[in-house]
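From first to last, the protein sequence lines stand for chains A and B. All residue numbers for the first sequence refer to the numbering used here, where the first residue is 1 and numbers rise by one. All residue numbers for the second sequence refer to the numbering used here, where the first residue is 1 and numbers rise by one.
Please keep in mind that the hints were generated in silico from the structure rather than gathered at the bench. One should not assume that every hint holds.
[Unchecked claim] Partial pick of chain A residues on the chain B-facing surface, computed with a CB cut under 10 Å:
(1) Pro246
(2) Gly250
(3) Thr276
(4) Gly298
As the structure is a computational prediction, the values presented were derived from the model and not from experiment. Backbone N, C-alpha and C fix where the C-beta goes; we use that ideal spot for every residue, glycine too.
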Amino acid sequence: MSTATGEHRGSAVAESGTGSLSATGATGAVRRSRRRWYVRLRRDRTLLIMCLPALVLLGVFGYAPMLGLVMAFQDYDLYDGILHSPWVGLANFQQLFTDPGFLHAFLNTLMLFSVQLVLFFPVPIALAILLDSLLSRRLRALVQAVVTLPHFFSFVLVVTIFNQVFGGAGVLDTYLRSHGVTSPFDFMTDPGTFKFLVTSQLIWKEAGWSMIVYLAALAAISPSLHEAAAVDGAGYWRRLRHITLPGLKGITVLLLILNLGYALTFGFEQMLIQLTAVGPGAAQVITTFSYENGIVAGNYSYGAAAGLFLGVTSVILILAANKVAHLFGEDGLYRK
Amino acid sequence: MTRRGFLTTTAGAAGAVAAAPLLAACGSGGAPAKTGAVSTSLLERILPKYKASSLVKPDYPSIAGSSPAYLSYPTNLVRTVTGIPGSGGSYSAITPLWGTIPSANNPFDQAVNSALGATVSVAPANGNNYATILPQLFSGNKLPDWIQVPTFWAPPLNFGQAAEDRLADLTPYLAGSKINQYPNLAAIFSDGWQAGIWDDKLYGFPSYTAGFNVGYQLYYRADILDSLGVGTPNVTSINDLWDLAQQVNDPKGKRWAMGDIFGYLFQPYNYASWMLDDKGNLITMYESDGIIEAMNWMAKAIKAGFVHPDQVAGNYGNGITEFYSGQMVIVSDGMGAWNAADAQKGQASNKKYTRASFDFFTASGSGTPQIPLEAATAWTSYLNKSLTAKQIEECLRIANYLAAPFGSYEYNLLNYGVEGVDYTAGSAGPQLTSNGTKYAGSSVSTYNFLVSPNNATYNAGYPQVTKACATWGQRNAKSGYQPLFYELNVTVPNSLSSANAFTPFTQTDNIMYEVARGRASIADYQSTLATWKRDGGNKLKSFYEGVLAQQKKLGTA
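The following block holds chain A by itself, in its conformation from the complex (with noise of 0.2 Å):
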């Protein structure tokens, strides 16, 4: 920003011949600086170069599309496209704010995202130190390897699994039915019990992989400050709050931060998939209401206009997160 302002000036200056002493100064700046950006560029340019494909699938698939985001402004026709469909102004989102159903989806899904980070958060953290204390890498390798698998299950695959196991018809209730239980509870079917359900499929499926991360963190440790600690005697559990709990702590905060990020977004398709079974009382979250309304009933701008409330109370709740992150000192997101 500064560098941008400078040139502006210095140009200016340039331009005008007025040549005082102070501008004369500034425009030397510029210059330097000018040299400097160049001289970094030369020095960073296979990395730059690295960088590209990224930067340009993220500009073709990421920020290329958002640019459709427009027709929540508008009450987009299938055939005038977005150039001719007529504009209406935030009549969408109007609509968006008095929709009981969205109302209902919105808090649904902080709802959800809430029994799901208090459940399921600590679990990652908890199996990483439990592997971590294991000796045997042969039988660390082995507990990682199997636990890790179902994150490469896709949902369909989960909630199908689960079914089998705790639907109406699988392996529990039938094993009930044969012994006189004549009506046994349907865990896949209750809404009541719904969050807990969706929380389990989330724990088996992706607490393995989650712990990778916090197997590193703790793979950073130092042993030299956990032997050091045992000398002086303390315990495991003592080493466990002042070594290795604080080891984990700017990870924790990080991931803490991006999970906030998702907490509109998470869970599409798993919702999608079980949304029949438990009725959209307890499934309806705001990415299936902004499928249902937008592709599903051609409703397009309407499920635009969920989407892009979406998004940006996500983008809000992240920069709360991390500037919550900054005031107690941690990283966050980046460092201040």
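Using the hints, position chain B against chain A.
Coordinates of chain B only, in the frame set by chain A:
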């Protein structure tokens, strides 16, 4: 009465059977915009002239529109097309497919294209998300030369406008007696062609046209009822159905009486998409008393534990496997479910597997059973507007080839492929080889979704399936009636498209589904209905009242 005679008396127009009570009603309001409603005389001019063609005498002739059925396959196939229809053109096509997508330019495609004298490259797309790719193809103007657009997926595309902007008008080529140069196309029922009329012009080719077409029928496992000593059930009321369900339900033995049969209940409770209430006012089925009773009955059945848990959970994907394995005894399904492939798959799971269907009944058990007919076809394909007149004419000749009827050489090629490669000819008729099962038309619909002749029932190797299915059709077709706006492609104004999607009632987690599962009450249903009416539903109704008035004026209602 011949088929043609039948058509003339109904004039292919909307609501002929339901017309008597309609005359008392007089809708008002609503813009008389482009609706697709055309006058009887105009309709006569637009519609291709029907000319029956029957190569083989059916074992079970058509009664009241039921499909003719054949127990054996004709041995001397007749060529209905002389010469090669194509002139070397090359056309791209997209059709939906529910199943494994065959490889492109496979031996079957090559044989068909060589017979056509043109290259029609059909690229089948996954039927499960076909509805979501159609808007992209239409809005991006990336349509192929030939595309299948099922009418039930047309509304979100605002199809009246789509047709005018993007699709070729076939009226100048096929209207009236112009179709005579394409005799196989002329032999398709006029009702089938009517499905392709948008805003007074003919755009679409029909596939799988049937004179008697209903959305759902109620099937059961005859072999299971036999083994339980029930025999052939005599269900003449909804209470009979309840009693039967009670008799066969055994969750402990992993056998549930039924699947989610809510989709079928419109038949006994007698409601149709648009109908007239007792006072003669136009209402949607969602406002009918019948639908409330149907929801209550379904809720009661689920609560009683009659319904398979997977169906209660909305996991319909395994439904057919659960029917085959005997975990469900009674299911509702479309007419297409009853065929040789079904018998083959079912018997692979259980040798005694036998599918049968209940005759239509009334909820109370008194009165004559009725069922609103579906349009003669929901499968309509269209040509791209960018094709030249010469290309369109070539496509029409190709279409004429594709529409060759049962008993013809062309029909045999399109459905069973090449003898020795795709099928073997035996005493029981053509048996598909593994190659044929992968590619040929009777197993994988590709060309058949561009155009195909009127439905004929024939099941190679399974004459007993044909017999059961055909006699059911002959007994039940008389119950069909043409509901309001039958066969009418209504183009709804943009502002009403949201209400016209009936979102609260048509999605998989819709309010009726919730009521049936006890998660919502009838009061919740009423309030959802009231919200829908407030948010455009009432305007939509006024619009349809306008259409009805217009139809009356034109003499088609």
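Hint-by-hint comparison with the structure:
1. Pro246: violated, 46 Å
2. Gly250: violated, 42 Å
3. Thr276: Cβ of Thr276(A) sits 3 Å from chain B, so the hint holds.
4. Gly298: Because about 3 Å separates Gly298(A) from the closest Cβ in chain B, which is inside the 10 Å limit, the hint holds.
Comparing the model with each earlier hint shows violations of hints 1, 2; every other hint is respected.
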